[in-house]
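Using the sequences and the accompanying hints, generate a full structural model.
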Amino acid sequence: MTESPASLLLVLAVLLPFTGVIIGLLLGGRHVRTVALTTVALGLAVIIGIVWHALDTSTAMEYVLGGWSPPLGIRLRADGLSVLMLLAVAVVISLVSVYAHADFAPHDSGKETRAPPVFWLMLLAIWGSLNLVFVSGDLFTLYVALELLTFAGVPLVALDGRGETLRAALRYLLFALLGSLLYLLGAVLLYGAYGTLDIQLLAQMVRPEALSWAALALMTVGLLAKTALFPLHIWLPPAHAGAPAAASALLSALVVKGSWFLVLRLWLDVMPNVVTLSAAQLLAALGAVAIIVGNIVALGQVRLKLLIAYSTVAQIGYLFLMFPLVFGLAFAGLDSTQAVAGGMLQTISHALAKAAMFLAAGLIYLTLGHDRISDLRGVAQALPMTVTAFALAGASLIGLPPSGGFLAKWLLLSAALESGQWWWGAVMLLGGLLTSVYVFIIVVRSLAPAEAGWMPKTCVPQYQQMAVLALALSAFLLGLAALSPVDLVQLGRTPLSLLRGTP
Amino acid sequence: MTPSLALNLALALLLLGMAGWAVLVRSTQAAVIGFMVYGLLLTLAWARLDGLDVALTEAAIGGGLTGFLLLGAAVRLRSVEHRAMLQAPGLATRILAALAAGSITLLLAFAVLTLPSPAPSLAPAVAENIAMTQVGNPITAVLLAFRALDTLLEALVLVLAMIGIWSLADDRVWGGRPGFAIAHDASGILHYAARILVPIGVVIGGYIFWIGADDPGGKFQGATLLAAMWLLLVLAGLRDAPRVSSQTLRLWVVLGPLVFIGVGGLGSWVAGSFLGYPQGYAKLMIVAVELALLPSLTLILGLLIMGAPKREIGR
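Those protein sequences? They're chains A and B, same order as listed. Counted the way this note's numbering counts, the first sequence spans residues 364 to 866. Counted the way this note's numbering counts, the second sequence spans residues 24 to 338.
Since no wrong hints were added, every one of them can be taken at face value.
Have a look at the derived ranges for each label pair, beta carbon to beta carbon:
#1 63(B) <-> 368(A): 47 to 55 Å
#2 142(B) <-> 843(A): 49 to 57 Å
#3 404(A) <-> 292(B): 18 to 26 Å
#4 474(A) <-> 103(B): 32 to 40 Å
#5 407(A) <-> 71(B): 50 to 58 Å
#6 594(A) <-> 128(B): 17 to 25 Å
#7 92(B) <-> 527(A): 21 to 29 Å
#8 161(B) <-> 465(A): 49 to 57 Å
#9 92(B) <-> 465(A): 36 to 44 Å
#10 368(A) <-> 161(B): 29 to 37 Å
#11 50(B) <-> 735(A): 42 to 50 Å
Worth flagging that the hints you see were computed from the coordinates, not collected in a lab. None of these values were measured; they are calculated from a predicted model. From the three backbone atoms N, C-alpha and C, an ideal C-beta is built for every residue, glycine too.
See the structure below:
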């Protein structure tokens, strides 16, 4: 865990996107998109560099800022979980940028219009904030990362400018701010009790006592509000469904994962000895309700974008099933790596698949002029590649082999059986069944032939369809990661062992 | 009972009373005014706790700018306030909200009471290392040396918030000027006040900024005061709000974060670490960053209050 010059890449991963934001804002007008796309290309190179370095050295990367080592200063640190998330987000950001190229083009006259600069600047800001969430090693820096993420996400929700999207954005803002506030309260309590905000130092000092429990509870509830776990999900469907397709993809695939990742960090890496199995069971129970309710409400939707948004509510539920599995195995003295890997895969494959679905829905809307599920005739004729992409992304959400969703559910299912918690496995299977119903309905309806003489409202550029297909294919083929010879998940991490000591 | 204990008790009771007022009073405007008074009381409380930097910030941002922003919102909402009252949440929702807020309060009260005493603190570590930063105010050392990354990121939060507020504009007026109220009455009291107050405010703002290196104060508090003076000028009609598409405006807005990132990069080159300062030049670098941040923060804070563009370019 040495600090090599390559670790400077972590700083770049965070600050390069933000530098793009301020330079884009400065140049404005016709230059914003160019600045954004250049930044995305450079940022992708930085992330590839980080992944390459991680594979090469098989250690976590660490960077101490300003030479002030913690607890006084701040460090950035990328372990296996961080590297995986950095990579997944970079892939989604890049492909969404390709898709959005024409949707948010500068005005012909070169005069700046409202939506394009806001979209591109917020895309970069979301990227920088998420990268910060993944690599930050300090609870307060993480708070700032959450704030950045909120202020980058809210303008995207209201990008359309209609009254209802403004209302959705305001509701999202209120939930997100409340969540940040609760997180901050918890962080302050931890500093008051242990005198440090550094995650690794804290992990060594934290004791299973009432105060740590209170801090963990406050922070977790705050983060759940931002992640939209049932019953704090009510802000999500209107917010994600009302935005333009590319913005919905960013919000639904990526933004909610930031706060989820932080829950994972807190529970697994900062305070594993504070967590009790029943608390983890409670988290998963909320997840289970989210899966059932989200999927059933999704089935009743009339509009495609709202259906996809409710499907996100359900899929977020899956992300929390891993907690009792990880801790169940750890408490039993068994290896919990597979459960962690399953949860990570679930997040990543959902990010890829959900981005593909929202983008596909955007193309369907352009082609039909509406997105009513009851009337999807002709879509497959006009957009064969997009319907294929939708089906592949759907297969990943359902969990069909060899998709990423399949491997994720397989790992989680075996962890459920191994730790004797079969009921979480049952919930997963039921969720998959419900998901398959609506994916099937949509694909079948879009395969129906159009009326004679029907013409698509807009001709969709080929590269947009290819970007969607690339996302869906990545999700679908992600299951092949099982064949990968390297195990990134455990990189730089010590396996969780929690044989209960004296309380 | 000693006088200081009596003062503390009175302050605590007033704080609770004002907080209760802000929550319970029916008129939005009265609630906002209650909130502003609450901010001032909180300033006193921080001063009693010897947190002068926090007190200054609370007075400037918490009581001042936020209060101003809320007051503006309350005035705008006045026409629909009556209708909104009819849609007030039902009893069940209120009870649920009260229960949620109450349980968080209890949890916090319990947690605060169990905090170790004396509290573990990084203050000794700051005192030990402050000489290397060459500044005298430990808060400045924390904000611009030990935890400089957080400060840089906070400046970026403000930039994002500003873009977010601009994004609420109507498509047709994008790039135009915020629709901030303008008084064209040259003999009015506001006009007069602006002419008298602004020069004084600018001097005080500059002073608060400058002493921040060694005493309580700094760029945030200074920038808030300067922003207030700018708002006063605009309100009095002496200056118009800027066009948000103006490249000059944007240059000043991004100057601070850009210089901050630049200084950080310089650090990784000459001091061996991003945001590190070369030996002997720490204060110079810190002052440079603060100097660049001052105009950016002043403009951003002012623009946050002025709101989204409302008038087309050229009007």
